[in-house]
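Participant: The primary structure of each chain is shown beneath.
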Amino acid sequence: MTALTTALRDPSATLPRRVSPRATVSQTLTLAWRATMKMRRNFEQMFDVTIQPLLFTAMFAGIFGGAISGSVSDYLPIIIPGLVGQTVMTACVATGVQLREDMDKGVFDRFKVLPIARIAPLAGPMVADMLRYLIAGTLTFLTGMVIGYRPGGGVFGVVAAILFGVFAGWSLAWIFTWFGTIGRTAQGVQATSLMIMFPLTFISNAFVPTETMPSWLRAFAEVNPVSHVISALRDLANDGQVTADLGWAVLGLAVIIAIFAPLSVRSFNRKM
Amino acid sequence: MDETIPAVRAEGLVKTFGELRAVDRVDLEVRRGQVFGVLGPNGAGKTTMLKILATLLTIDEGRAEVFGHDVRREPHVVRQLLGVTGQYASVDENLTATENLMLFARLQAVDRQTARRTAATLLEQFDLSQAANKPISAFSGGMRRRLDLAASLITRPPLIFLDEPTTGLDPRTRGQMWETIRELVANGCTVLLTTQYLDEADQLADRIAVIDHGRKVAEGTSDELKSSIGRSTLTLNLVERSEIPSAAEVAHRLVGEPPTLTPEARRLTVPLQRSDQAVDVLVTLRDHGIAIESVNVQKPSLDEVFLALTGHDTHEDDAGGRAGDGADSTTDSTSHLEIVR
Ligand SMILES: Nc1ncnc2c1ncn2[C@@H]1O[C@H](COP(=O)(O)OP(=O)(O)O)[C@@H](O)[C@H]1O
Ligand SMILES: [Mg+2]
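Heads up: the sequence lines are chains A and B, in that order.
Heads up: the first sequence begins at 1 in the working numbering, then just goes up one per residue.
Heads up: the second sequence begins at 273 in the working numbering, then just goes up one per residue.
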């Protein structure tokens, strides 16, 4: 009985009129915890960052290796960072799709009536998904090393590349998060996201040198932020170097955040 | 702040969806400590009204306050004073019962220890201790509802909104829910609930507003409404057809109105001012040595209430509106008192 007999919250007390920044952070972290519990209980939702990197890394290295660089071992320093970019992109798509699915669930109705920051239910899963990008990046590098990749950047270079990959994933995820907030169904969000994800990933320097592309594709590939992200990943992992590409990549990602974060937040708030 | 400020006050509330005025100029005042029932058929606008008051939908016209705080201007304050349990359970399917309660408590800055303790007590209170660490996907409808209500109570808000709290529940679970609601009120909580059942409003609510097509068509205490909208009747089947005239005379004298006679069925139907008059009629008939075969007291049904208040019945534009509430066989507002010799 005690639960119902403890004192009621006093309606006459002075209550805060808005959520403080500190409370917003704490609510976001609580909702990130919720998202990680969900990951643990629905492990099939993690296939894109666990099984897929293993399969794709072995497969792509074998298929493209001989054709492009003459030998698989020459190709590994090119393709492994490329695959890190690609798996992180795939994981980003899932961020948007899962947000859409989540928003249709009953528990979202409760989030709406709780006195919490309106942004927290969006920010929580986005923070938790950084864990997915981390797993995807790490597993791709590890698989690469198992099949013979020897990153010249050493431990520092690889760790830096993985962390940069996580940041890139989080930034790019805003695009797909926006789709998640405007789409009407999870399937629709998935379809739209793939339509964007494939050109961004494949019309880049991820798997083949851009010089081999027709000029109009090359023009796109060279301004594609994903290309710069992948170049930066290569420079970090293979040479342990911070190059201009990292700067361009960060700039490109910042532009993406500047465009898609406000769009997402606005359309999400409309639904909250 | 003034203690006399009502828990909820709404004036001229309007919500439109395209052409449809789902809530149409509704005024409402819920005093502190009251159970206020909003009674209306499916599609009347009950959920929409609650959602407006709970800051979930914007107000098109009019204004609303919760404990004196404007719903439009101070939504965050309003949310801190409210617990809402919707028509459909809003808990996380991926978490266990305990984790759900912990989540909602932690989101509202309850420290971990207190959250854990309160969660355990609430689960016990709601008869869910056994299932505390089971995933919600294994829960029955009734268990979900109870967990949902527990989730609304975890920070002890002084005002609770319950949207059709017992629709779809079996009679036993419904009884438990009623008990819980009474306990809440006994502890000082104010409750605003919606229902499709006159019976439920009658059992729980101090004051009832009847709404239809978004409009409030009547408001009052249960007794006030009942006397204004319809009356109970007592149907008697006699053993001897020949005793009908004398029985009719007795009944007429007691209730002040002539009963309707159906001699071929040895039946008379007595209009009642109050339900307890039924007993007077029965006792007096026995004193006169008139043998009764069966007795049936019928309260006005929701359909009759609506017919009386709105001139149309509850199902008119909503074919089988209550069909979805399959588990309810006891909810038609007829109470039977059968005495068979
Ligand atoms: N989001 C919405 N968009 C359009 N119409 C709606 C929406 N929500 C409710 N309605 C309509 O408003 C009316 C009132 O609905 P509701 O408040 O759910 O009724 P109740 O809860 O009394 O059954 C219904 O006719 C319903 O179809
Ligand atoms: Mg409803």
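Please keep in mind that the hints were generated in silico from the structure rather than gathered at the bench.
Possibly wrong hints are sitting among the right ones.
[To be verified] Computed spacing ranges between beta-carbons, pair by pair:
1) A:Asp-10 x B:Gly-447: 29 to 35 Å
2) B:Arg-297 x A:Glu-44: 50 to 56 Å
3) A:Met-195 x B:Gln-385: 32 to 38 Å
4) A:Leu-54 x B:Glu-291: 53 to 59 Å
5) A:Ala-13 x B:Asp-383: 44 to 50 Å
The beta-carbon is built from N, C-alpha and C at its ideal position, and this holds for glycine as well.
Participant: Would you mind marking each hint as holding or not holding in the structure?
Facilitator: Structure-based check of each hint:
1. About 32 Å separates the C-beta atoms of Asp-10 of chain A and Gly-447 of chain B, a value consistent with the hinted range of 29 to 35 Å.
2. Judged by the Cβ atoms, the range 50 to 56 Å given for Arg-297 of chain B and Glu-44 of chain A holds: they are separated by roughly 51 Å.
3. Take Met-195 of chain A and Gln-385 of chain B: their Cβ atoms lie about 49 Å apart, and the range 32 to 38 Å is violated.
4. The given range of 53 to 59 Å is respected by Leu-54 of chain A and Glu-291 of chain B, whose C-beta atoms sit roughly 56 Å from each other.
5. For the pair Ala-13 of chain A and Asp-383 of chain B, the supplied restraint of 44 to 50 Å is violated, since their beta-carbon distance comes to about 19 Å.
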